[in-house]
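Respectively, the protein sequence lines represent chains A and B.
Each residue of the first sequence is one higher than the last, beginning at 1 in this note's numbering.
Each residue of the second sequence is one higher than the last, beginning at 1 in this note's numbering.
Worth flagging that the hints you see were computed from the coordinates, not collected in a lab.
All values reported here derive from a predicted model rather than from experimental measurement.
Every residue, glycine too, gets a C-beta built ideally from N, C-alpha and C.
Please note that the accuracy of each hint is not assured.
[What the hints assert, rightly or not] From the derived model, a few chain A residues whose C-beta atoms are all more than 12 Å from chain B:
1. Thr28
2. Cys67
3. Trp72
4. Asp109
5. Gly110
6. Ser113
7. Ser121
8. Gly129
9. Val148
10. Arg150
11. Val166
[To be verified] Derived CB-CB ranges, DEER-like:
12. A:Glu162 <-> B:Leu9: 19 to 29 Å
13. A:Arg155 <-> B:Thr57: 32 to 42 Å
14. A:Thr142 <-> B:Thr42: 30 to 40 Å
[What the hints assert, rightly or not] Some chain B residues flagged as far from chain A (calculated, every beta-carbon gap over 12 Å):
15. Met1
16. Ala7
17. Glu29
18. Ala35
19. Pro38
20. Arg43
21. Glu44
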Amino acid sequence: MPETISARDVLGLTPPYALALERSAVSTEARAVRQAASEVVERAERTRTFGRKAEAISQIWALANECASRDWNGEGALPIGQLAVFEAAAFIRALPEWIPLPEFAPEPDGSISLDWIWSRSRVFSVSVGPNDRLAYAWLDGTDRGHAVARFDGERVPDRILEGIKVFLQSANAAVGPR
Amino acid sequence: MLPSGLAELVADEEDLARFLTQSNHFNTEVVKPAALLPSPKTRETSVFRHGPSPLNTLWAIGLEAVGTRPLYGAAIFKAAVVRDASLTVEPKEPPPRHAVILKWPWMESDPDLQKAKRKELAILIVSAAGAPVLR
């Protein structure tokens with residue numbers, strides 16, 4: 001999930017965030033100020049989220065550069081090509097904000113692995129290659145499985161979102177009510 | 001008996017080391033499944049028959065095996081884990097102590113689904129391996 005953003009984080013000051021709250025607007029002028037403050041906060045929030053995704057996409061490019069030549073692992077690996085990078089970057093952009101960003105790893109067939117690892121026995125892993133078919137697999141304690149889903153470049157397949165959601169829910173349940 | 005002096009059959013209780021030469025293939029707590037996926041060329045995963053100790057012997061074998069590539073550490077797991085995942089492990093010397101994990105699912109009819117299945121099996125192995133042994 002995207003981290004909670006505070007006014008102090010965004011602007012270094014509390015007032016604009018407080019101004020953005022509905023209850024603080026009374027007159028027309030105050031409403032206009034509130035609207036402007038809301039926009040400032042919203043833009044800052046959007047920049048923060050996009051910043052995290054931009055950083056993740058930079059990591060993907062760095063990985064691809066590292067594995068751009070044939071046999072990068074000394075065992076006959078295929079290079080990670082631009083198409084795989086574009087697909088992986090599109091996947092990251094398409095991830096809803098409530099999903100944490102994954103870790104990345106190169107695969108010997110030239111795909112990029114997007115891994116959500118909660119523990120050694122709780123892993124969800126998606127392979128993004130040059131085509132639109134995503135191979136994915138998971139282990140959740142004793143439950144495990146694998147499947148393939150089609151990615152249209154704009155929307156993360158529902159089956160993958162649902163799969164990750166199950167992990168997130170059980171992670172939250174493990175914390176328990178307070 | 002193999003030239004290395006090891007038995008021709010890899011016993012279930014034997015430790016296998018998969019050397020880690022890619023910094024993105026592990027974090028401090030786990031080895032990632034990508035580290036175990038087989039080569040598209042040979043359809044095998046290369047491993048060495050050695051446990052976590054003594055460490056200096058493990059790294060000597062590793063440095064010999066990886067050549068000019070960096071050696072960050074190793075994922076270590078029992079041969080039984082590989083067999084529990086419906087895969088096979090067989091010796092393949094030289095180099096001494098070398099073995100391969102084979103029989104990865106690889107049907108041409110649906111390569112993406114086969115890939116997903118290989119991922120699942122790789123996850124099973126890394127899950128059993130736990131934290132990487134780092135240099």
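What are the numbers of the hints the structure violates, in ascending order? 2, 3, 4, 5, 6, 7, 8, 9, 10, 12, 13, 17, 18, 19, 20 and 21
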